[in-house]
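Trainee: Here is what each chain is made of, one letter per residue.
Protein chains: 2
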Amino acid sequence: MGNPLKVGVFGLGSMGYGIAQSALRAGINTCGFDVAQAQVERFQADGGSKEKLADAVTSVDAVIIVVLNAAQTESVLFGEHGVVPSLKKGAVVLACATVPPEFARQMAKQCTEHGVHYLDSPISGGSVKAANGQLSIMASGTPAAFTAARPVLDAIAETVFELGDSAGAGSAMKAVNQLLAGVHIAAMAEAMTFGMTQGVSADKFLEIIPKCAGTSWMLENRAPHIAAGDYTPHSSVDIWPKDLGIVLDIAGQANFPAPIAAAALQQFAAASSAGYGGEDDAAVAKIYAESAGLTLPEPT
Amino acid sequence: MGNPLKVGVFGLGSMGYGIAQSALRAGINTCGFDVAQAQVERFQADGGSKEKLADAVTSVDAVIIVVLNAAQTESVLFGEHGVVPSLKKGAVVLACATVPPEFARQMAKQCTEHGVHYLDSPISGGSVKAANGQLSIMASGTPAAFTAARPVLDAIAETVFELGDSAGAGSAMKAVNQLLAGVHIAAMAEAMTFGMTQGVSADKFLEIIPKCAGTSWMLENRAPHIAAGDYTPHSSVDIWPKDLGIVLDIAGQANFPAPIAAAALQQFAAASSAGYGGEDDAAVAKIYAESAGLTLPEPT
Numbered sequence: 001m002g003n004p005l006k007v008g009v010f011g012l013g014s015m016g017y018g019i020a021q022s023a024l025r026a027g028i029n030t031c032g033f034d035v036a037q038a039q040v041e042r043f044q045a046d047g048g049s050k051e052k053l054a055d056a057v058t059s060v061d062a063v064i065i066v067v068l069n070a071a072q073t074e075s076v077l078f079g080e081h082g083v084v085p086s087l088k089k090g091a092v093v094l095a096c097a098t099v100p101p102e103f104a105r106q107m108a109k110q111c112t113e114h115g116v117h118y119l120d121s122p123i124s125g126g127s128v129k130a131a132n133g134q135l136s137i138m139a140s141g142t143p144a145a146f147t148a149a150r151p152v153l154d155a156i157a158e159t160v161f162e163l164g165d166s167a168g169a170g171s172a173m174k175a176v177n178q179l180l181a182g183v184h185i186a187a188m189a190e191a192m193t194f195g196m197t198q199g200v201s202a203d204k205f206l207e208i209i210p211k212c213a214g215t216s217w218m219l220e221n222r223a224p225h226i227a228a229g230d231y232t233p234h235s236s237v238d239i240w241p242k243d244l245g246i247v248l249d250i251a252g253q254a255n256f257p258a259p260i261a262a263a264a265l266q267q268f269a270a271a272s273s274a275g276y277g278g279e280d281d282a283a284v285a286k287i288y289a290e291s292a293g294l295t296l297p298e299p300t
Numbered sequence: 001m002g003n004p005l006k007v008g009v010f011g012l013g014s015m016g017y018g019i020a021q022s023a024l025r026a027g028i029n030t031c032g033f034d035v036a037q038a039q040v041e042r043f044q045a046d047g048g049s050k051e052k053l054a055d056a057v058t059s060v061d062a063v064i065i066v067v068l069n070a071a072q073t074e075s076v077l078f079g080e081h082g083v084v085p086s087l088k089k090g091a092v093v094l095a096c097a098t099v100p101p102e103f104a105r106q107m108a109k110q111c112t113e114h115g116v117h118y119l120d121s122p123i124s125g126g127s128v129k130a131a132n133g134q135l136s137i138m139a140s141g142t143p144a145a146f147t148a149a150r151p152v153l154d155a156i157a158e159t160v161f162e163l164g165d166s167a168g169a170g171s172a173m174k175a176v177n178q179l180l181a182g183v184h185i186a187a188m189a190e191a192m193t194f195g196m197t198q199g200v201s202a203d204k205f206l207e208i209i210p211k212c213a214g215t216s217w218m219l220e221n222r223a224p225h226i227a228a229g230d231y232t233p234h235s236s237v238d239i240w241p242k243d244l245g246i247v248l249d250i251a252g253q254a255n256f257p258a259p260i261a262a263a264a265l266q267q268f269a270a271a272s273s274a275g276y277g278g279e280d281d282a283a284v285a286k287i288y289a290e291s292a293g294l295t296l297p298e299p300t
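Residue numbers (the numbering used here), protein chains in the order written: chain A, 1 to 300; chain B, 1 to 300.
These are computed hints drawn from the structure, not numbers from a lab. Treat each hint with caution, since some may be false.
The list makes no distinction among identical chains, and a pair is therefore deemed to hold if it is satisfied within one copy or across any two copies.
Subject to a maximum C-alpha distance of 30 Å in a straight line, what follows is the list of computed DSS-like cross-link-like pairs (lysine-lysine) [what the hints assert, rightly or not]:
1. Lys129 <-> Lys211
2. Lys242 <-> Lys88
3. Lys211 <-> Lys89
4. Lys204 <-> Lys129
5. Lys242 <-> Lys204
6. Lys6 <-> Lys88
7. Lys89 <-> Lys204
8. Lys52 <-> Lys204
9. Lys242 <-> Lys50
10. Lys242 <-> Lys109
11. Lys204 <-> Lys109
12. Lys89 <-> Lys6
13. Lys88 <-> Lys211
14. Lys242 <-> Lys89
Whenever a hint applies, use it, and build me the whole structure from the sequences.
Mentor: Quick look at the structure:
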């Protein structure tokens, strides 16, 4: 007997594709959907279900929404072709995009009205961990939502932080994490290029700073990209104007000034405007290098 | 036979006092000097030499300068009562303050003219590590300066990064590290208080974020102070307007814009202006809390 679970993954970008692969690997009957038909066909060739959306949606146990933002999440759930009204009672929505906590609470309320569980479940970890079923998920929702989502979480996540029994808490923690992660990437780029103006090479920076009080998880993960001159996007520059924008939006609604996050957002926005939006987010260093007339390391 | 080495430690603040204690513990004949006579007497009661400055200075093998900044360093070395002209040939100066790299190069040149070695040796690690002889030192200088300084380094440091054969490289790396460390402390405070506006408690922040991509060395070290409501100064707020000021000064001289460091400096300067300059640097969170009407955790 195969695994009886059936899920639909909406959004087959770098994160969603990896999540869908991890679900498949766990023996789950997985349907992948995306506006890019080529990605859908690629996933079907990888072993994904060939069932059409209209047929699949009435029988899936869970839908995993791995889109860019709140607007896309709402469109998938309740838009013109929104899936929630077609889901069976007791199905669960795992909403993985970074969204404002208040939006998560609204979506949960609307899902509940349709007899559908909603797990506020923003993800963290990057595309490699997504493909390996090793994501971190900052989850909150009703105990029933957790129970319904458990087999899916087991397939796609290494770590599930259970942050409370109502939607919103997961997204709040995700926003806190994104504030830090975005600032740390931009600060790494600022410090590394500042060092170059003072005779500190990228390689020397990489050798010393990870052993010092100035280190961060993001520094250790991203600084090697700059030292290697490799901007293959694991997570792209364009993530950050979006995620730090969400942070600043909800901060603003709470009358909370976040000047460091704002400064970091400016640098990512400048990198995006300069044409680096699709590159690895470490390419924010190019903005610093260009403004100071520095030459960054080339690929070897 | 006792250890034949004799050193003078100039500046018996929280870092200098610990360094002097570590030298004593290593069996070094250690003289401590400070403008605060009470600190000098305390150190003598702890086992420090009672020799007067004018007598000691002509016979010490090394002087360790643990003052606040470049101006105080220059005053100790070459001011009205500056020690360098009185040092014996072949003695070594260990200059531990955070100073601009160009200043370190100037001091080294002037010391060389007196036949005295100069080790550019900014320190990192905090007062506890200073007292335990476990500092990290970002050192650069001539091979002869390293050789002369070695027994002192062995007594006071756990890690000595050897960053090159001329003064300046150590201070450059220190500036890079301070940029990151200062930004990370302020970003931690920003994220933690932002989280409070979204229902993320200080304790929940501490439980989750150190396991996530948003973590940093400084976050893990300082966030517990806020969660505990304990602002006993291990390293004080007032360090940061100074050290980030040095970073921005030398960045400016290189026409390098450092907007994230500038934003962090503003927050520390605001904390200092508000009367928190002598508290632990995690007290920068109070600026965020006050501007957003939040109540930080009280001591339990």
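Trainee: Each hint should be assessed against the structure and marked as holding or not.
Mentor: Okay, the hints, checked on the actual structure:
no. : hint              : in the structure
1   : Lys129 <-> Lys211 : both (25 Å within a copy, 15 Å between copies)
2   : Lys242 <-> Lys88  : neither (33 Å within a copy, 62 Å between copies)
3   : Lys211 <-> Lys89  : neither (53 Å within a copy, 35 Å between copies)
4   : Lys204 <-> Lys129 : both (29 Å within a copy, 24 Å between copies)
5   : Lys242 <-> Lys204 : between (32 Å within a copy, 25 Å between copies)
6   : Lys6 <-> Lys88    : within (12 Å within a copy, 82 Å between copies)
7   : Lys89 <-> Lys204  : neither (58 Å within a copy, 33 Å between copies)
8   : Lys52 <-> Lys204  : neither (54 Å within a copy, 42 Å between copies)
9   : Lys242 <-> Lys50  : neither (33 Å within a copy, 63 Å between copies)
10  : Lys242 <-> Lys109 : within (25 Å within a copy, 50 Å between copies)
11  : Lys204 <-> Lys109 : between (52 Å within a copy, 25 Å between copies)
12  : Lys89 <-> Lys6    : within (14 Å within a copy, 81 Å between copies)
13  : Lys88 <-> Lys211  : neither (53 Å within a copy, 36 Å between copies)
14  : Lys242 <-> Lys89  : neither (33 Å within a copy, 61 Å between copies)
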